[in-house]
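Asker: Residue numbers (the UniProt record's numbering), protein chains in the order written: chain A, 1 to 631; chain B, 1 to 311.
These are computed hints drawn from the structure, not numbers from a lab. A portion of the hints provided could be inaccurate.
[Stated by the list, open to error] Subject to a maximum C-alpha distance of 20 Å in a straight line, what follows is the list of computed SDA-like cross-link-like pairs (lysine to any residue):
| hint | chain 1 | residue 1 | chain 2 | residue 2 |
| --- | --- | --- | --- | --- |
| 1 | B | K152 | B | T214 |
| 2 | B | K311 | A | M177 |
| 3 | B | K309 | A | G596 |
| 4 | B | K39 | B | P26 |
| 5 | B | K152 | B | W215 |
| 6 | B | K277 | A | K587 |
| 7 | B | K309 | A | D179 |
| 8 | B | K309 | A | S175 |
| 9 | B | K309 | A | N261 |
| 10 | B | K311 | A | S58 |
| 11 | B | K277 | A | E264 |
| 12 | B | K277 | A | S175 |
| 13 | B | K277 | B | E290 |
| 14 | B | K309 | A | F186 |
| 15 | A | K587 | A | S553 |
| 16 | A | K624 | A | E561 |
| 17 | B | K39 | B | V195 |
| 18 | A | K624 | A | N595 |
| 19 | B | K152 | B | Q142 |
| 20 | B | K311 | A | E561 |
[Claimed, not checked] From the derived model, a few chain B residues whose C-beta atoms are all more than 12 Å from chain A:
| hint | residue |
| --- | --- |
| 21 | R13 |
| 22 | P224 |
| 23 | F306 |
Glycine is no exception: its CB is placed at the ideal position from the N, C-alpha and C atoms.
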Amino acid sequence: MTDDELIWRIAGGSGDGIASTSQNFAKALMRAGLHVFTHRHYPSRIRGGHTYTEVRVSEDPVKSRGDGYNFLLALGDSFARNPQENAYYGNEEVKPLSENLDELNEGGVIVYDSGLLDTEDIPDFDERVADNGWHVYDIDLRTIAREHGREVMRNTAGVAVTCAIANIEPRVIKSLMEDTMPEKVFEPNMSVFDDAYETVQEEFDADAPDISVPEGDHDEDQVLISGSDSIAYGALDEGCRFIAGYPMTPWTEVFTIMSQNLPEVGGISEQVEDEIAAAALALGASHAGVKAMSGSSGGGFALMSEPLGLAEMTETPVVLVEAMRAGPSTGMPTKPEQADLEHVLYTSQGDSHRVVFAPAGAEEAYRQTRRAFQIAYEYQIPAIVLYDQKNGGELQNVPASVFDEEPNPDLGSVVTEAELADAPHDPSGKYNRFQHDVDDGVSPRSIPGQEGGRYLATGNEHMPAGHISEDPDNRVNQVDRRMEKMEAIRADLDADEGTNAHHGPEDAEYGIMTFGSQQGTVEEAVDELNEQGHSVKSLGVSELAPYPVEEVSAFIESVDEVLVVEMNASAQFRGLTQKELGRYGEKLSSLLKYNGNPFEPGEIVDGFVTSIVEDGTLPGHETKFVPAASD
Amino acid sequence: MSAFSAIGEDVERDRNEYTPGLEPQPTWCPGCGDFGVLKALKGAAAELGLSPEEMLVCTGIGCSGKLNSYFDSYGFHTIHGRSLPIARAAKLANPGLTVVAAGGDGDGYGIGGNHFMHTARENHDITYIVFNNEIFGLTKGQTSPTSPKGHKSKTQPHGSAKDPIRPLSMSLNAGASYIARTAAVNPNQAKEIIVEAIEHDGFSHVDFLTQCPTWNKDAKQYVPYIDVNDSEDYEFDNTDRSEASEMMFETENALHEGTVLTGRYYVDDRPSYQQEKQRIGEIPDEPLAERYFDDDYEWERVYDSFLDKHK
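Only chain A is shown next, with the shape it has when bound in the complex (with noise of 0.2 Å):
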């Protein structure tokens, strides 16, 4: 393959089908043996507006979109459907083309749709194609796919267009197709395929550009799937039976997956009025004995502070999701972000607690939002799963195998009847629920139903039985008891091997740290920097509250200086460090990046370069780098 692999990207208009072409296209792909990683780029409007999705595809791993693409396959056409003349969106028929060029690698290839887009209305078009070595085919898919079928399916006649250029085997790609079309479909689009493939063979020079994916072999089983898929089957299979949410993108994917599958296990899904309710709800049904969760993106989050600072005070268990979004405010509501950050760890008044876990990819999501539940449960806190748009809606190749694991049906620290007869009770009868006295400051919790387990949940300060109470050395004590949870939870999931990703040389002298989604691209950048010979190794962390305050620390003793990556412009990860760890102000810099779409390794690269090796300073503004305090 030119530069090792095929980065596909297949651009268009909202509606036009780009995400689930891309979507087959991938999984084809990886039953053919192949890795896959994809990139969404999509507008918040529902028709029409600029999209575009990135497939990734590679013999060895892939943990990143990858810099820039070398494949771009333009079909565009739902720009006419707003034909107002000067309205915002007006004539964007080129954008198919002429938005994508910029980031199209040397020597790729452009495949459009003749039949919608012309080059003329492109400036400069011919130069650049000649500059950048560029190979062009100006092909009609949609009267081929008119011809055929309908034109609609200009889709598979691009798909098909792919395979002849790229000398992918037709069979890969037809045979997914039919696993997933219906009859009455799949033969007209077969048809397309077959006319478009030979159409390429006939009248174009194939084989010019040098791109070809090979077939490949994978050593198990693969599923192609999201962060927001992991999170949701990792839910259900630790026992969630339970869900309340308001759709807000992009945390509407947890919801939605969880809607459609809960009623088949058992469980209970609310779409309710508001985030306030969602996060009572889950209160609700926790409290009543069933693991529950809840959860949105950056603005309904705010809502949920308050019934968050219920559930830390009541102790009542609960897993609330934040997928993060560009903001403040509403923000840029299809854009990924790294900026919530702070938010969800110091949101709700009081000294308050929170476990949060940000995990880097869909296996590490499937498997924090696990663990999850079990702190969250065993505990009796809030834990937190912290994600943003972009490892939301990235489709990747994982082994099935990673999810083969056995339900958790463990409702945690919960006290069963029988013990509840040898239990502590209060004087007035009730079960001293909240007792001072208790290790590691977890006090098991009845259900209601249960005889002899009588207690009143309560937001405020409150003696063990629940009695509300301004008793000051029960505050203390029962301040110190949740206060104490926190520590055990620290070594709890200090015991926990290999969950902050470190990668790179051991002994390298200098570090990069980042957390949650943009841990592949820190990794791919780390493995570009040693292989041009810089000592780098990073730190993806993605326990962020109990911070791993001593792995951290270790990390940062054992390089010259780290470069900590985040997508947001406060360097917020950079500051929770320093906050945790109470120094290092002089070793830590940031390269951070908040236009709306995430890294690309070789900016990481480029940042690390430029402005750590060489002292120097970054050009145009896509990535912004902050010294550390001492420069």
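Fit chain B to the given chain A structure using the hints.
Answerer: Showing chain B alone in chain A's frame:
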């Protein structure tokens, strides 16, 4: 043994079984109407033979929110306006529980108004008692959504420019299937109504007039009430939506004019939310909460049924 042996047979009970020993003593002011709700709820629970441990009482914030401190059962004292979403999820999770939610007029019709509307619409099988004293009590006497127009308080020094909320009409239009108003000054009717409300299969809304001797000495709740269901002057069919609507309108006007009319205004036997959800296959037949304690229950593994579409 089931994990929830408190749920089941209704046996003869004494109202004192719901009194939590000597502590804590109610901190309500002498003469407060909230005592009337507590007494009525205890009487109703005893009459229904409910064990304290099969009851879950969810409250909001304010004087009314202390109800479950003085009523001995499982309790969830929540936050401002949020008792209903917590109550309804608990009921969905374990339908065997008798779930009662309670809050004040500010809590229920103000900050929790959105939840009130949607809980009524969905017709959850829970009972909601609103302590309506036309004032904020625990925050010290501010104008509430039910305070009459022109009501003066420290936060409305020129007198309220707003018409008060019409809780009964609002409830009917939102979709509650049992709607009644009673008053603390009428303990017998209050108890009967709460019994009916708990027995009713669907969302029961009881607007409970509670006098506030400290902050709202002018409230109409002190004047003798008329039970419209017993009065020949007010004969109407409370299963007829439009007749009920007219009666509510009259009742709400009368209160503003100084006459207190109470009674059962609307009873609708449409299926509860739980029943509807069960019918379409979105809620299990057996109580969900039981499963976590049921050793025989087979927990499904996700990869068996869901992962195929990702392959």
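Asker: Look at each hint and say if it fits the structure.
Answerer: Going through the hints against the structure:
no. : hint             : in the structure
1   : B/K152 to B/T214 : 15 Å, holds
2   : B/K311 to A/M177 : 13 Å, holds
3   : B/K309 to A/G596 : 31 Å, violated
4   : B/K39 to B/P26   : 12 Å, holds
5   : B/K152 to B/W215 : 11 Å, holds
6   : B/K277 to A/K587 : 58 Å, violated
7   : B/K309 to A/D179 : 10 Å, holds
8   : B/K309 to A/S175 : 15 Å, holds
9   : B/K309 to A/N261 : 13 Å, holds
10  : B/K311 to A/S58  : 18 Å, holds
11  : B/K277 to A/E264 : 14 Å, holds
12  : B/K277 to A/S175 : 39 Å, violated
13  : B/K277 to B/E290 : 19 Å, holds
14  : B/K309 to A/F186 : 18 Å, holds
15  : A/K587 to A/S553 : 11 Å, holds
16  : A/K624 to A/E561 : 17 Å, holds
17  : B/K39 to B/V195  : 12 Å, holds
18  : A/K624 to A/N595 : 10 Å, holds
19  : B/K152 to B/Q142 : 8 Å, holds
20  : B/K311 to A/E561 : 43 Å, violated
21  : R13              : 15 Å, holds
22  : P224             : 35 Å, holds
23  : F306             : 6 Å, violated
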